[in-house]
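These are the residues of each chain, in order.
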Amino acid sequence: MTNRQEMDVHSLKELSAGQSCMVSLLHYWRAMWGIIWRELWRFVTQRERFISALVRPLVWLFVFAAGFRAALGLAITPPYETYILYEVYITPGLIGMIQLFNGMQSSLSMVYDREMGSMRILMVCPLPRWFLLLSKLLAGTGVSILQVYVFLVIAWFYDIQAPLQGYFWVLPALLLSGLMLGALGLLLSSFIKQLENFAGVMNFVIFPMFFMSTALYPLWKVKESSALLYHLAQYNPFSQAVELIRFALYGQFNQLAFIYTLVAFVVFMAAAIVGYNPSKGMMVRKGGT
Amino acid sequence: MNKNVLGLFLMGVLNGAVQAETVFVTLEKDNALAVVDPIAGTLSKSVDIGQRPRGIAISPDNKLLYVATSDENTIKIIDAESLKEVGKLPSGKDPETFALNPAGDRLYVSNEDDSLVTVIDIPGKKAIKQIKVGVEPEGITVSPDNLWVVSASETTNMVHWIDTLTNEIVENTLVDPRPRALAFTADSRQLWVTSEMAGTLMILDVKTKQLIKTIKFEVQGVTRDKIQPVGVVIDKDSKRGYVALGPTNRVAVLNAQTFEVEKYLLVGQRVWNLAFSPDQHRLYSTNGLSNDISIIDLETQTVTKSVAVGTYPWGVAVKP
Numbered sequence: 001m002t003n004r005q006e007m008d009v010h011s012l013k014e015l016s017a018g019q020s021c022m023v024s025l026l027h028y029w030r031a032m033w034g035i036i037w038r039e040l041w042r043f044v045t046q047r048e049r050f051i052s053a054l055v056r057p058l059v060w061l062f063v064f065a066a067g068f069r070a071a072l073g074l075a076i077t078p079p080y081e082t083y084i085l086y087e088v089y090i091t092p093g094l095i096g097m098i099q100l101f102n103g104m105q106s107s108l109s110m111v112y113d114r115e116m117g118s119m120r121i122l123m124v125c126p127l128p129r130w131f132l133l134l135s136k137l138l139a140g141t142g143v144s145i146l147q148v149y150v151f152l153v154i155a156w157f158y159d160i161q162a163p164l165q166g167y168f169w170v171l172p173a174l175l176l177s178g179l180m181l182g183a184l185g186l187l188l189s190s191f192i193k194q195l196e197n198f199a200g201v202m203n204f205v206i207f208p209m210f211f212m213s214t215a216l217y218p219l220w221k222v223k224e225s226s227a228l229l230y231h232l233a234q235y236n237p238f239s240q241a242v243e244l245i246r247f248a249l250y251g252q253f254n255q256l257a258f259i260y261t262l263v264a265f266v267v268f269m270a271a272a273i274v275g276y277n278p279s280k281g282m283m284v285r286k287g288g289t
Numbered sequence: 290m291n292k293n294v295l296g297l298f299l300m301g302v303l304n305g306a307v308q309a310e311t312v313f314v315t316l317e318k319d320n321a322l323a324v325v326d327p328i329a330g331t332l333s334k335s336v337d338i339g340q341r342p343r344g345i346a347i348s349p350d351n352k353l354l355y356v357a358t359s360d361e362n363t364i365k366i367i368d369a370e371s372l373k374e375v376g377k378l379p380s381g382k383d384p385e386t387f388a389l390n391p392a393g394d395r396l397y398v399s400n401e402d403d404s405l406v407t408v409i410d411i412p413g414k415k416a417i418k419q420i421k422v423g424v425e426p427e428g429i430t431v432s433p434d435n436l437w438v439v440s441a442s443e444t445t446n447m448v449h450w451i452d453t454l455t456n457e458i459v460e461n462t463l464v465d466p467r468p469r470a471l472a473f474t475a476d477s478r479q480l481w482v483t484s485e486m487a488g489t490l491m492i493l494d495v496k497t498k499q500l501i502k503t504i505k506f507e508v509q510g511v512t513r514d515k516i517q518p519v520g521v522v523i524d525k526d527s528k529r530g531y532v533a534l535g536p537t538n539r540v541a542v543l544n545a546q547t548f549e550v551e552k553y554l555l556v557g558q559r560v561w562n563l564a565f566s567p568d569q570h571r572l573y574s575t576n577g578l579s580n581d582i583s584i585i586d587l588e589t590q591t592v593t594k595s596v597a598v599g600t601y602p603w604g605v606a607v608k609p
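Protein chains in written order, with the numbering used here: chain A, 1 to 289; chain B, 290 to 609.
You may find that some hints are simply not true.
[As the list claims (entries may be wrong)] Calculated lysine-lysine pairs in the DSS-like style (CA-CA distance at most 27 Å, straight line): (1) B:Lys373 - B:Lys421; (2) B:Lys377 - B:Lys352; (3) B:Lys594 - B:Lys515; (4) A:Lys221 - B:Lys418; (5) B:Lys594 - A:Lys223; (6) B:Lys382 - B:Lys418; (7) B:Lys352 - A:Lys221; (8) B:Lys608 - B:Lys377; (9) B:Lys528 - B:Lys496.
[Claimed, not checked] Just a sample of chain B residues kept apart from chain A, beta carbon distances all over 10 Å, derived: (10) Ala369; (11) Lys498; (12) Gly510; (13) Glu549; (14) Ser579; (15) Thr593; (16) Tyr601; (17) Lys608.
Everything labelled a hint here was simulated from the structure, so no lab data went into it.
Positions of the beta carbon are idealized from the N, C-alpha and C atoms, including for glycine.
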């Protein structure tokens, strides 16, 4: 082999290593985009899902909150700097509700996918399992953020208006809270084998999380009724996600809520990844994919 | 060096952009005067002022504050900078509300228990006349053209038109039960009167002294008995008027041309009196039961902040 030939082979090797790196990244991107696109397409084409995702918080806003209107105003609690109506207080809680239900909906679709066999196709994709789960999570969070912004637009016309910059600052908060609640959904879906078992998630996860939180009532109000409830609400990750959203919507950063939500996300996600590991997780016990 | 100069210049521009003003609030139960920085939205300080301070006004040159200390039966003159007492005016018994004329040399005081209006000559610091009016006079105001002083008698349900030249009542107008506060439009053509018991605002024509229109307030979710209009102010362009609705915890925003209620703004508990910022970009309300004042941004028509000031905030005056 001449020197020239040796150099050509060397260059070809370098080129192929670079290409393979590019191809690999492209692979990841394609897989992630495919998962996100599938989720978005599903959401857009399932009009009933879109409408029901909006109707739920709107019924709470227009009916429940109107019934408990507290027409004379609620006492000032941060981040609010003056008296507010109950509808204003409950709005960040309902945003959290949208994301909570969306997270659980994603978990439901994971169980459905497993039953229908489409998850097998996803999981045999030659990419790390954690990446596929994270992509799935991002897709679900993206959908929930879309739902939240549509809800906020409707709320705006109902005279529930946050400062304009709040609509921008709430986006990263929604991303983190959506990821955390989605990761919780993923974790739960790794435990559930059949679709029928999902009712248990409603009874034992969604309702307690929602009602034992700051979504519907401020902590000081909960404290007045029960110290135990107060502590449960305080340490409920959903409460912290709601507070993160509430503060961000008013252009403020709640450090404690941020750290709490971030840690909860990492814990739930790690547990979900273990849960979906065929050699270690719940799958072994259940004998599923 | 250049950076420092630029920094100072920018600071000056920024400071100038937000016109600083000082809000003074009388605290009926604390016997004090609260000083609020409304731009920062904080209570700067609180100083002892005398027994049961209620009515407050600032002189046209913004140098002196007049504060009715009801249980001391006097109106105190306070230096608006040092907040030191510099004099007293003989107000008669139990002064609560009073009005300053545009020139700042006459003060008209309602003496509720004696059914009198006391006219005080400020430079001479003496009462020059006492005018017999209806039972329990409360609200009082002077027209911007300085032709009229109008006093409202709570129990007689009447407003009394007093000629400022003669200090005599020239006409009385029957109004809805328990009239509380009064305000003239800037052109002195209309007089707005709030009725606490009827829950209404009456617009009177100054020329004929007759009623033009009665506006009834209704707040969603609040029972009618809680709708008790008290303080009223009208902006200098007569575009909008604002009425404090007492226990509804609301300030009503009215279109001063069509007399339609445009909005109800949620403020603190039992909103009592109102005052504009000098540029009329903000409105301040004293909230008697929640012990705070609310700051209303008039450009966005939103309540931006409520600032705790002390017990039973009553009157409010603003110094540029």
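Comparing the hints with the structure gives:
1. The hinted pair formed by Lys373 of chain B and Lys421 of chain B fails the criterion: a straight-line CA distance of about 33 Å is larger than 27 Å.
2. At most 27 Å may separate the alpha-carbon atoms for a hinted pair to count; Lys377 of chain B and Lys352 of chain B meet this at roughly 15 Å.
3. Among the hinted pairs, Lys594 of chain B with Lys515 of chain B is consistent with the structure: their alpha-carbon atoms are about 23 Å apart, no more than 27 Å.
4. Taking the CA atoms of Lys221 of chain A and Lys418 of chain B, the gap is about 56 Å. The hint is violated against a cut of 27 Å.
5. Of the supplied pair hints, the one linking Lys594 of chain B and Lys223 of chain A holds, its CA atoms being roughly 26 Å apart against a limit of 27 Å.
6. Distance check on the hinted pair: Lys382 of chain B and Lys418 of chain B sit about 14 Å apart at the alpha-carbon level, within 27 Å; holds.
7. Pair hint Lys352 of chain B plus Lys221 of chain A does not hold up; C-alpha atoms about 46 Å apart against a cutoff of 27 Å.
8. Under the criterion of a C-alpha separation no larger than 27 Å, the hint pairing Lys608 of chain B with Lys377 of chain B is consistent with the structure, at around 20 Å.
9. A hinted pair counts as satisfied when its Cα atoms are at most 27 Å apart, and Lys528 of chain B with Lys496 of chain B qualifies at roughly 20 Å.
10. Distance check for Ala369 of chain B against chain A: the nearest CB is about 27 Å away, which clears 10 Å, and the non-interface claim stands.
11. Every CB of chain A is more than 10 Å from the CB of Lys498 of chain B (nearest about 37 Å), matching its label as outside the interface.
12. Some Cβ of chain A comes within 10 Å of the Cβ of Gly510 of chain B; the nearest lies about 3 Å off, and the non-interface call is violated.
13. Under the 10 Å C-beta cut-off, the non-interface status given to Glu549 of chain B relative to chain A holds; the minimum distance is some 17 Å.
14. The beta carbon of Ser579 of chain B sits about 8 Å from the closest Cβ of chain A, which is not more than 10 Å, so the claim that it is off the interface is violated.
15. A beta-carbon of chain A comes within 10 Å of the beta-carbon of Thr593 of chain B; the shortest separation is about 7 Å.
16. No beta-carbon of chain A comes within 10 Å of the beta-carbon of Tyr601 of chain B; the shortest separation is about 18 Å.
17. In this structure Lys608 of chain B is separated from chain A by more than 10 Å, as the shortest Cβ-Cβ distance comes to about 23 Å.
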